[in-house]
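The task is simple: from the sequences and hints, build the whole structure.
For the sequence shown, the working numbering begins at 4 and goes up steadily by one.
Just so you know, the hints here were simulated from the structure itself, not pulled from any lab data.
Hints may contain errors.
Taking lysine to any residue and the SDA-like style, the derived pairs with C-alpha atoms no more than 20 Å apart in a straight line are [unchecked claim]:
| # | residue 1 | residue 2 |
| --- | --- | --- |
| 1 | K64 | G78 |
| 2 | K25 | D62 |
| 3 | K66 | K79 |
| 4 | K64 | W89 |
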Amino acid sequence: VEGKALTVEAAVTELADYLIGKDPRLIEDHWTVMHRGGFYRGGPILMSALAGIDQALWDIKGKALGVPVHELLGGKLRETIKVYSWIGGDR
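Okay, structure coming up:
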């Protein structure tokens, strides 16, 4: 969310209170609790915070199992992909 990096960081910090001590492998359960518990459900700040946490939880699960995240999500579908990059907003 352009110009709101500190606000998203604050949301992640608040959500950390819920996550600390929980099993990081229960990704969908945590996502549901954090999303439903948010006052501005579906808003850009909460969704940006949840996106970062979601990626981190999948990374933790993949590392714990010794597999890349794409294997947990169904496996590699193609050898190469086109990418797009844009830099803007907070630096």
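Here is what the structure says about each hint:
A distance of roughly 15 Å separates the Cα atoms of K64 and G78; the hinted pair therefore holds under the 20 Å criterion. For the suggested pair K25 and D62, the alpha carbons sit about 15 Å apart, so the restraint of at most 20 Å is met. About 17 Å separates the Cα atoms of K66 and K79, which keeps this hinted pair within 20 Å; it holds. Restraint check for K64 and W89: not satisfied, since their Cα atoms lie roughly 29 Å apart, outside the 20 Å limit.
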